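Below, each chain spelled out in residue letters.
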Amino acid sequence: MRAPFLRLFTLAYVAWSILPVLIAVQFSFNSGRSRSTWQGFSLRWYLHDAASVARDDSLRLALVQSLRLATLTMLVATPIGVALAIGLARWKGRGAKASNFLMLVPLVTPELVMGVAFFLIFANLYDFVTFGTFAQVLGHVTFAISFVVIIVRGRLFAIGRDYEEAAMDLGASPRQALRRVLLPLLAPAIFASLAIVFAISIDDFVISQFLAAGVDSVTIPVRLYSGARMAPPPSLNALATLMLVGTLAAVTIAGLVLRRYSRREGSDQGAVAALGRFEL
Amino acid sequence: MPTNVQAGESRAIGLSPWTWKAFALPGVVWLVALFVVPLYGVVAVAMGRLHPVFLRPLPVWNPLRWDPSAFGDVGQELFGGQLGAIALRTITYVAAASLLCVLIGYPVAYFVSRKVEKHKTLWLAALLAPFWINYLMRMMAWVNLLSTDGLVNVTLEALGLAPQAWLEGRHTTVVLGLVYGYLPFFILPLYAALDRIDHQVLEAARDLGASARAAFWRVTLPLSRQGILAGLVLVMLPMFGDYYTPNLLSGSPRTRMIGNQIDQFINQTASQGGRGAALTLILMASIAVLMLYYLRTVARATREAG
Numbered sequence: 000m001r002a003p004f005l006r007l008f009t010l011a012y013v014a015w016s017i018l019p020v021l022i023a024v025q026f027s028f029n030s031g032r033s034r035s036t037w038q039g040f041s042l043r044w045y046l047h048d049a050a051s052v053a054r055d056d057s058l059r060l061a062l063v064q065s066l067r068l069a070t071l072t073m074l075v076a077t078p079i080g081v082a083l084a085i086g087l088a089r090w091k092g093r094g095a096k097a098s099n100f101l102m103l104v105p106l107v108t109p110e111l112v113m114g115v116a117f118f119l120i121f122a123n124l125y126d127f128v129t130f131g132t133f134a135q136v137l138g139h140v141t142f143a144i145s146f147v148v149i150i151v152r153g154r155l156f157a158i159g160r161d162y163e164e165a166a167m168d169l170g171a172s173p174r175q176a177l178r179r180v181l182l183p184l185l186a187p188a189i190f191a192s193l194a195i196v197f198a199i200s201i202d203d204f205v206i207s208q209f210l211a212a213g214v215d216s217v218t219i220p221v222r223l224y225s226g227a228r229m230a231p232p233p234s235l236n237a238l239a240t241l242m243l244v245g246t247l248a249a250v251t252i253a254g255l256v257l258r259r260y261s262r263r264e265g266s267d268q269g270a271v272a273a274l275g276r277f278e279l
Numbered sequence: 000m001p002t003n004v005q006a007g008e009s010r011a012i013g014l015s016p017w018t019w020k021a022f023a024l025p026g027v028v029w030l031v032a033l034f035v036v037p038l039y040g041v042v043a044v045a046m047g048r049l050h051p052v053f054l055r056p057l058p059v060w061n062p063l064r065w066d067p068s069a070f071g072d073v074g075q076e077l078f079g080g081q082l083g084a085i086a087l088r089t090i091t092y093v094a095a096a097s098l099l100c101v102l103i104g105y106p107v108a109y110f111v112s113r114k115v116e117k118h119k120t121l122w123l124a125a126l127l128a129p130f131w132i133n134y135l136m137r138m139m140a141w142v143n144l145l146s147t148d149g150l151v152n153v154t155l156e157a158l159g160l161a162p163q164a165w166l167e168g169r170h171t172t173v174v175l176g177l178v179y180g181y182l183p184f185f186i187l188p189l190y191a192a193l194d195r196i197d198h199q200v201l202e203a204a205r206d207l208g209a210s211a212r213a214a215f216w217r218v219t220l221p222l223s224r225q226g227i228l229a230g231l232v233l234v235m236l237p238m239f240g241d242y243y244t245p246n247l248l249s250g251s252p253r254t255r256m257i258g259n260q261i262d263q264f265i266n267q268t269a270s271q272g273g274r275g276a277a278l279t280l281i282l283m284a285s286i287a288v289l290m291l292y293y294l295r296t297v298a299r300a301t302r303e304a305g
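So the sequence lines, in the order shown, correspond to chains A and Y.
Numbering follows numbering that gives the first Met the number 0, in which position 2 of the first sequence is assigned residue number 1; successive positions increment by one, without gaps.
Numbering follows numbering that gives the first Met the number 0, in which position 126 of the second sequence is assigned residue number 125; successive positions increment by one, without gaps.
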């Protein structure tokens, strides 16, 4: 069926949604200082200029802080989330239902509310938590756990219990069935979780901003926020472009892994849900 | 070897229920300590007092000693004071932006799910891309374009038209910024809902004499209602908590939203922490319906999957 008007409308939407970003990327390579007049290609704002990402402290530190936070968050949130997903899928009972609900609430809580809550609790009750990296990691892990659970749970449902049962029929102990059958089967979901958590941590703005303490803990999005209106040189665009490349790489890896395995099992709902960051 | 289902069932669980609880334990403890307790902390600060010397909020953890005066202050300003105008503006912005999301998002989701036959993955990737381009980068891209010497004004001047101060307190800029920022969150669940509609149902409608138009209005649209609602909830929740979009695209008090007020209470004036916490709770209570609706949808989807 042809629908020329709808096609045109959708094309216009796609252009509108992506072109501004592509223009921002383009001007990160501008050899001049302008972000509206193209003066030729150069890596000046990445490497050479005193205000470039490589040489301006505030930009370089933001890049380092974003990577550091994303790595720490990924390493802490993934094991906790995988264990929680397995536990919730197998444990039946009232506690399980409540825990499942508790796991879902962070997904629907506006980030502003979480930011305020973290800010107040770290300033008052948990005062051993210092603002900056420590507080930011705790905040990021808290919202990342739910994403891991959803990705891993989708895979748990897809593989079912047949393999575990078969392993135990063949004489494996429950522990062996878990370690040598279930975990290898979960590997793609675990791998995808690592990548997705890395990406959502880099992407986060509100919690990073509420929990930052001085220039050392400013992340890329926070730096974009504070600099965008200050007539910045194109090095800010360069910083944003580096973040874009990092996030897209992580998400592409996750998408390819999930797709490959879900296609084998005949459903890509899980992959779409995970990449769309919501539960279908 | 036990062969009946009952025995297989219990052996599949294998490890004792306690083991599974142990698996869930670290995650549950984490969420209680770093999600439930902090939310309670917001209540404790909202119901707390002001430190007499340092003029910063002192939380009160014991509900018997709560002092709701911060709610009184905030409530007074909400009904008649300056906060009331901000709340009304927030609701207007969110309503206008949500309506635009439906008007733009529905045709797009409909086209990609029902009309695209070739290169569907590519179209889907185009719809997914904005999710993974950082929100602040997408806003910065518009700040670039709309600034005084940005491409938009350069183009206008080249056409002989007057340049505009797009980023100086314009309602339309902020609303369109919200639409630009959150529209992808509307399109995707709607796409999923439209994609699930069985082709045969539509064919049946056509076979029974419905025109293409009637089939759309009386079959497709009602069947995609869940997707529209889910999408609306997904865009409205973050819009109600937004403060960075108006700050970046306007920065003027004329476009201040509730989120800006909370940000200011909490981050900029320490002595206002109690009011910030109270306003946060009022915001949360106002959007609780949206949150619960979405939680219910997710819980139902999970039950069906399991």
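In short, the hints are calculated from the structure, not lab data.
Any given hint could be a false lead.
Interface residues of chain A toward chain Y, partial, derived using beta-carbon atoms under 10 angstroms [stated by the list, open to error]:
| no. | residue |
| --- | --- |
| 1 | Q38 |
| 2 | L83 |
| 3 | R174 |
If you want a taste of the chain Y side facing chain A, the calculated C-beta under 10 angstroms gives, among others [unchecked claim]:
| no. | residue |
| --- | --- |
| 4 | T18 |
| 5 | G47 |
| 6 | L49 |
| 7 | V52 |
| 8 | F70 |
| 9 | V111 |
| 10 | W131 |
| 11 | L144 |
| 12 | W216 |
| 13 | L220 |
| 14 | P237 |
| 15 | G240 |
| 16 | N246 |
| 17 | I265 |
Remember, it's a predicted structure, so these values are computed and weren't measured experimentally.
Ideal placement from N, C-alpha and C gives every residue a C-beta, glycine not left out.
- Item | Per-residue hint verdict: G47/Y, partner chain A, C-beta under 10 angstroms | The hint holds - G47/Y has a Cβ within 10 angstroms of chain A, the shortest such distance being about 9 angstroms.
- Query: Against chain A, with CB atoms and a cut of 10 angstroms, does the hint on W216/Y hold up?
  - Reply: Nearest chain A Cβ about 16 angstroms off; hint violated.
- Holds or violated: R174/A as interface residue toward chain Y, Cβ cutoff 10 angstroms? The hint holds - R174/A has a Cβ within 10 angstroms of chain Y, the shortest such distance being about 7 angstroms.
- Item | Evaluation of the interface hint that places L220/Y against chain A, nearest CB under 10 angstroms | Cβ of L220/Y sits 15 angstroms from chain A, so the hint is violated.
- Task: With a cut-off of 10 angstroms on the beta carbons, see whether L49/Y makes it to chain A.
- Result: violated, 13 angstroms
- Does the nearest C-beta of chain A fall within a distance shorter than 10 angstroms of the C-beta of T18/Y? holds, 8 angstroms
- Query: Do the numbers back the hint for W131/Y, that is, is its least Cβ distance to chain A under 10 angstroms?
  - Reply: holds, 5 angstroms
- Query: Does the CB of G240/Y sit less than 10 angstroms away from some CB of chain A?
  - Reply: Since the shortest Cβ distance to chain A is 3 angstroms, the answer is holds.
- Query: Quick one, is the N246/Y hint okay against chain A at 10 angstroms, beta carbons?
  - Reply: holds, 8 angstroms
- Should the hint that V52/Y touches chain A count as held when the rule is a Cβ pair under 10 angstroms? Because about 16 angstroms separates V52/Y from the closest Cβ in chain A, which is outside the 10 angstroms limit, the hint is violated.
- Query: Regarding the hint that P237/Y lies at the interface with chain A, is the smallest CB-CB distance below 10 angstroms?
  - Reply: Hint on P237/Y: holds, closest Cβ of chain A at ~6 angstroms, below 10 angstroms.
- Task: Verify the interface restraint on V111/Y: the C-beta must sit less than 10 angstroms from at least one C-beta of chain A.
- Result: holds, 7 angstroms
The structure fails to meet hints 1, 6, 7, 8, 12 and 13 from the earlier list, while all remaining hints are met.
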